[in-house]
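Chains as they are written, first to last, in numbering that gives the first Met the number 0: chain A, 0 to 206; chain B, 0 to 206.
Some clues are possibly wrong.
For chains that are exact copies, the list does not tell them apart, and a pair is met inside one copy or across any two.
The list that follows gives simulated cross-link-like pairs (lysine to aspartate or glutamate, DMTMM-like), each with its CA atoms no further than 20 Å apart [unchecked claim]: (1) Lys-15 x Glu-183; (2) Lys-15 x Glu-26; (3) Lys-15 x Asp-41; (4) Lys-93 x Glu-183; (5) Lys-1 x Glu-125.
Honestly, the hints are just simulated from the structure, not real lab data.
Here's the letter readout for the chains.
Protein chains: 2
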Amino acid sequence: MKLTQDHRDTLDQVLKWRRDVRHFRREPIAPEVLARLRQRMDCAPSVGNARPWRVLQVDSPAHRASVIASFEACNAAAAAAYTGTAQKDYLALKLAGLREAPVHLAIFTDGAVPEGRGLGRQTMPETLAYSTVMAIHTLWLAARAENIGVGWVSILDPVAIADILEVPRDWRLTGYLCLGYAQEPSDTPLLHETGWQTNTATRWRVV
Amino acid sequence: MKLTQDHRDTLDQVLKWRRDVRHFRREPIAPEVLARLRQRMDCAPSVGNARPWRVLQVDSPAHRASVIASFEACNAAAAAAYTGTAQKDYLALKLAGLREAPVHLAIFTDGAVPEGRGLGRQTMPETLAYSTVMAIHTLWLAARAENIGVGWVSILDPVAIADILEVPRDWRLTGYLCLGYAQEPSDTPLLHETGWQTNTATRWRVV
Numbered sequence: 000m001k002l003t004q005d006h007r008d009t010l011d012q013v014l015k016w017r018r019d020v021r022h023f024r025r026e027p028i029a030p031e032v033l034a035r036l037r038q039r040m041d042c043a044p045s046v047g048n049a050r051p052w053r054v055l056q057v058d059s060p061a062h063r064a065s066v067i068a069s070f071e072a073c074n075a076a077a078a079a080a081y082t083g084t085a086q087k088d089y090l091a092l093k094l095a096g097l098r099e100a101p102v103h104l105a106i107f108t109d110g111a112v113p114e115g116r117g118l119g120r121q122t123m124p125e126t127l128a129y130s131t132v133m134a135i136h137t138l139w140l141a142a143r144a145e146n147i148g149v150g151w152v153s154i155l156d157p158v159a160i161a162d163i164l165e166v167p168r169d170w171r172l173t174g175y176l177c178l179g180y181a182q183e184p185s186d187t188p189l190l191h192e193t194g195w196q197t198n199t200a201t202r203w204r205v206v
Numbered sequence: 000m001k002l003t004q005d006h007r008d009t010l011d012q013v014l015k016w017r018r019d020v021r022h023f024r025r026e027p028i029a030p031e032v033l034a035r036l037r038q039r040m041d042c043a044p045s046v047g048n049a050r051p052w053r054v055l056q057v058d059s060p061a062h063r064a065s066v067i068a069s070f071e072a073c074n075a076a077a078a079a080a081y082t083g084t085a086q087k088d089y090l091a092l093k094l095a096g097l098r099e100a101p102v103h104l105a106i107f108t109d110g111a112v113p114e115g116r117g118l119g120r121q122t123m124p125e126t127l128a129y130s131t132v133m134a135i136h137t138l139w140l141a142a143r144a145e146n147i148g149v150g151w152v153s154i155l156d157p158v159a160i161a162d163i164l165e166v167p168r169d170w171r172l173t174g175y176l177c178l179g180y181a182q183e184p185s186d187t188p189l190l191h192e193t194g195w196q197t198n199t200a201t202r203w204r205v206v
């Protein structure tokens, strides 16, 4: 299939308007929308076509409370690593929407996946987790196209989360996502708005 | 910006028709097309907005020859790990298009990146490399929308590639990509066509 300028323009809009959302409305996401996200996520590429991502939708209040407690402990430790103004700036940031987001997804990589038969990951075994990352990014773009925001919560202890959710021993947490409708749309990353970090052009050179 | 059914349908087509390409035509990619890919890649999300990806476009025949030698050594070692029919099947696969692809990109993660000021990656430092993976996936989708195929060559020794390209000590290879126009379009992953691996539905359950 030959893709066109229209495909490029539309993809540009999805990429440009994708945002990391941390301020969610409490409105639920309809099951049929979640089903579409799941289908699109399954189009993601993976090393040796191993498709190692395992998705747990964390609905139970007890599980969510444990995850939030883990985030708060990790975030307090992270804040302690900054001093002075940087620490004040850090503490003023809202770094997760765990309490408000209607949908939580804990996404693991199955390190013992039989699919793919090991192909392509003997010298760079990290490509297995990288496959899950591409599935997460696919989900993120698909969510954006449904006007749903995603926040990737990385301030978590991955071993603690695996324990809380009692996953098999070979599963490792790759990403913990909050999904929901954003309180306000924006074309500026939140860390720019708050002055934490501006963009610099990335380097690309010829050798 | 509110995205529409048209955005969803178009994104679906890009996701569905994205393929891992290993059979390239030798036709070059125009510089203005590469420039567009670079711009779109810079829209990728990153932990703490750190944007740690560093891209080297490997053009010199000497560098390319060294990379190909590394691939061949790693691929021979990988083949030796299979026995019997699986080994025969493995050896029959074409796993890289390094000789034909007009563009090679070596994409590194800068582990010493100052941007982002460490935010969000104290408990899961691997999220820095994951940011580069999302930039690679963004590039992959943008390339597909330009009718350019991408092959991610993971059968490489990342330390050897860093040595060959003489990158700074803090840079770690995340992905080595071949880009070019595909010999034949296809909606079936090559590893399915060759019988190496069929798709299974990924698991998604509620806890």
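Going down the list of hints, with the structure as the test:
1. Taking CA atoms no more than 20 Å apart as the test, Lys-15 paired with Glu-183 passes inside one copy only; the shortest distance there is 16 Å, against 30 Å between copies.
2. Taking the shortest alpha-carbon separations for Lys-15 and Glu-26, neither the intra-copy value of 24 Å nor the inter-copy value of 30 Å comes in at or below 20 Å.
3. Taking CA atoms no more than 20 Å apart as the test, Lys-15 paired with Asp-41 passes between copies only; the shortest distance there is 10 Å, against 23 Å inside one copy.
4. In the homo-oligomer, the alpha carbons of Lys-93 and Glu-183 lie at most 20 Å apart inside one protomer (14 Å), although the nearest pairing across protomers, at 48 Å, exceeds that limit.
5. In this homomeric assembly, Lys-1 and Glu-125 never come within 20 Å of each other (Cα to Cα): the closest approach is 33 Å inside a single copy and 36 Å across copies.
Comparing the model with each numbered hint stated earlier shows that hints 2, 5 do not hold.
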